[in-house]
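A.B. asks: As you go down the protein sequences, you meet chains A and B in turn. With our numbering, the residue at position 57 of the first sequence is 57, and numbering never jumps. With our numbering, the residue at position 5 of the second sequence is 5, and numbering never jumps.
By construction, these hints were calculated from the structure, which means they are not laboratory data. Only a predicted model underlies this, so the values are computations on that prediction, with no experimental measurement involved. For every residue, glycine included, the Cβ atom is placed at its ideal position computed from N, Cα and C. Misleading hints may appear alongside valid ones.
Straight-line Cα separation of at most 25 Å, DSS-like style, residue types lysine-lysine; simulated pairs [what the hints assert, rightly or not]:
hint	chain 1	residue 1	chain 2	residue 2
1	B	Lys14	B	Lys64
2	A	Lys104	B	Lys66
3	B	Lys66	B	Lys14
4	B	Lys55	A	Lys104
5	A	Lys114	B	Lys41
6	A	Lys73	A	Lys55
7	A	Lys70	A	Lys114
8	B	Lys66	B	Lys55
9	A	Lys78	A	Lys55
10	A	Lys114	A	Lys78
11	B	Lys55	A	Lys78
12	A	Lys78	B	Lys41
13	A	Lys55	A	Lys104
14	B	Lys14	B	Lys55
15	B	Lys20	B	Lys64
16	A	Lys114	A	Lys104
17	B	Lys55	B	Lys20
18	A	Lys73	B	Lys66
19	A	Lys104	A	Lys73
20	B	Lys14	A	Lys104
A few chain B residues that face chain A, going by a derived Cβ cut-off under 7 Å, partial list only [claimed, not checked]:
hint	residue
21	Ala2
22	Pro40
23	Leu98
24	Val100
25	Ser103
26	Phe107
27	Thr116
According to the in silico footprint, chain A covers these stretches of chain B (three or more CB under 8 Å from chain A) [stated by the list, open to error]:
hint	segment
28	6 to 17
29	89 to 95
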Amino acid sequence: AQTVTQSQPEMSVQEAETVTLSCTYDTSESDYYLFWYKQPPSRQMILVIRQEAYKQQNATENRFSVNFQKAAKSFSLKISDSQLGDAAMYFCAYRSQGGSGTYKYIFGTGTRLKVLA
Amino acid sequence: GAVVSQHPSWVICKSGTSVKIECRSLDFQATTMFWYRQFPKQSLMLMATSNEGSKATYEQGVEKDKFLINHASLTLSTLTVTSAHPEDSSFYICSARLSVPNSPLHFGNGTRLTVT
Chain A
1 AQTVTQSQPE MSVQEAETVT LSCTYDTSES DYYLFWYKQP PSRQMILVIR
51 QEAYKQQNAT ENRFSVNFQK AAKSFSLKIS DSQLGDAAMY FCAYRSQGGS
101 GTYKYIFGTG TRLKVLA
Chain B
1 GAVVSQHPSW VICKSGTSVK IECRSLDFQA TTMFWYRQFP KQSLMLMATS
51 NEGSKATYEQ GVEKDKFLIN HASLTLSTLT VTSAHPEDSS FYICSARLSV
101 PNSPLHFGNG TRLTVT
């Protein structure tokens with residue numbers, strides 16, 4: 001069974017600085033998808049970034065980028081120029097390729113990010 | 001696009017009663033929806049996968065008779081917590097995905113259930 005591990009329960013970053021959140025996963029599949037979701041105090045889950053396992057190029061979305069190391073099964077999230085609005089719980093998620101619609105999403109335990117003014 | 005609406009946002013009920021939570025995909029059709037439960041400061045735990053027109057697939061340890069899921073149309077799935085007890089108090093979140101390979105999950109805004 002696939003597992004997702006986020007080893008940092010909490011992280012802090014100074015406003016305008018850069019922070020990296022780590023995520024590792026375990027799978028025997030070769031095709032899958034990885035996601036980072038953000039959950040602010042409102043508790044609405046918001047997609048931050050996604051990565052297809054077959055793509056070697058790291059995904060980037062504005063200030064957010066990932067470092068995807070497939071062999072190491074590592075998928076870290078880098079937030080540049082941190083803003084106060086980035087403060088939230090961040091979840092790493094794994095999605096199998098699935099078959100006949102049998103997709104399953106597995107979430108890590110989350111990292112709480114604090115942004116210091 | 002890809003908006004998921006969940007209702008109600010919060011509900012308080014008495015022990016022994018049943019509560020229904022609705023999850024709607026507003027601008028897309030969702031053949032599959034997922035129901036998650038989140039305890040305070042914890043991750044999302046998948047409860048069940050709701051499939052339109054067929055029975056839901058429950059995760060191990062989730063009581064199907066207690067958490068009734070109905071997915072009667074391509075835009076609506078409901079979760080009914082039957083004979084609720086205080087230990088059922090939690091945050092419930094539904095999600096859905098578009099029918100394209102790389103679609104992420106789109107989440108509802110969650111329902112805070114408190115059983116007194």
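A.B. asks: Work down the list of hints and note, for each, if the structure agrees.
C.D. replies: Evaluated hints:
For the suggested pair Lys14(B) and Lys64(B), the alpha carbons sit about 21 Å apart, so the restraint of at most 25 Å is met. Distance hint between Lys104(A) and Lys66(B) is fulfilled; the C-alpha atoms sit about 22 Å from each other, no more than 25 Å. About 15 Å separates the Cα atoms of Lys66(B) and Lys14(B), which keeps this hinted pair within 25 Å; it holds. Proposed proximity of Lys55(B) and Lys104(A) is supported: the alpha carbons are some 16 Å apart, at most 25 Å.
Between Lys114(A) and Lys41(B), the direct Cα distance comes to roughly 14 Å. Compliance with the 25 Å bound is thereby established for this hinted pair. This hinted pair checks out: Lys73(A) and Lys55(A) have alpha carbons roughly 14 Å apart, not beyond 25 Å. Distance restraint check for Lys70(A) and Lys114(A): the Cα-Cα separation of roughly 28 Å exceeds the 25 Å cut-off, and the hinted pair is therefore not satisfied. The suggested pairing of Lys66(B) with Lys55(B) holds, with an alpha-carbon distance near 14 Å, which does not exceed 25 Å.
Using a Cα cut-off of 25 Å, the hinted pair Lys78(A) and Lys55(A) holds, with the two alpha carbons roughly 18 Å apart. A distance of roughly 14 Å separates the Cα atoms of Lys114(A) and Lys78(A); the hinted pair therefore holds under the 25 Å criterion. At roughly 40 Å between alpha-carbon atoms, Lys55(B) and Lys78(A) are farther apart than 25 Å, so this suggested pair is violated. A C-alpha spacing of about 22 Å is found between Lys78(A) and Lys41(B), which places the hinted pair at or below 25 Å, so the restraint holds.
For the hint pairing Lys55(A) with Lys104(A), the CA-to-CA distance comes to about 20 Å; that is within 25 Å, so the pair holds. For the proposed pair Lys14(B) and Lys55(B), the alpha carbon gap of about 28 Å is over 25 Å, so the pair is violated. Distance restraint check for Lys20(B) and Lys64(B): the Cα-Cα separation of roughly 14 Å lies within the 25 Å cut-off, and the hinted pair is therefore satisfied. At roughly 30 Å between alpha-carbon atoms, Lys114(A) and Lys104(A) are farther apart than 25 Å, so this suggested pair is violated.
Annotation: proposed proximity of Lys55(B) to Lys20(B) holds, straight-line Cα distance about 17 Å (limit 25 Å). Distance restraint check for Lys73(A) and Lys66(B): the Cα-Cα separation of roughly 37 Å exceeds the 25 Å cut-off, and the hinted pair is therefore not satisfied. Between Lys104(A) and Lys73(A) the CA atoms are separated by roughly 18 Å; this keeps the pair inside 25 Å, and the hint holds. Using a Cα cut-off of 25 Å, the hinted pair Lys14(B) and Lys104(A) is violated, with the two alpha carbons roughly 33 Å apart.
Interface restraint check: Ala2(B) against chain A, minimum CB-CB distance 9 Å, threshold 7 Å, status violated. This hint is violated: Pro40(B) has a C-beta 11 Å from the nearest C-beta of chain A, more than the 7 Å allowed. Below 7 Å, beta-carbon pairs count as interface contacts, and Leu98(B) has none with chain A, the closest being about 11 Å; its hint is therefore violated. Hint status for Val100(B): violated, given a least beta-carbon distance of 12 Å to chain A, over 7 Å.
The interface hint given for Ser103(B) is broken, as the beta carbon of that residue sits about 9 Å from the closest beta carbon of chain A, more than 7 Å. The restraint placing Phe107(B) at the interface with chain A holds, with a minimum CB-CB distance near 4 Å, inside the 7 Å limit. Checking Thr116(B) against chain A by beta carbon gives a least distance of about 21 Å; that is not within 7 Å, so the hint is violated. Check on the segment 6 to 17 of chain B: 0 of its residues sit with their Cβ under 8 Å from a Cβ of chain A, so the three-residue criterion for coverage is violated.
With a threshold of 8 Å between beta carbons, the proposed coverage of the segment 89 to 95 of chain B by chain A holds, since 3 of its residues qualify and at least three are required.
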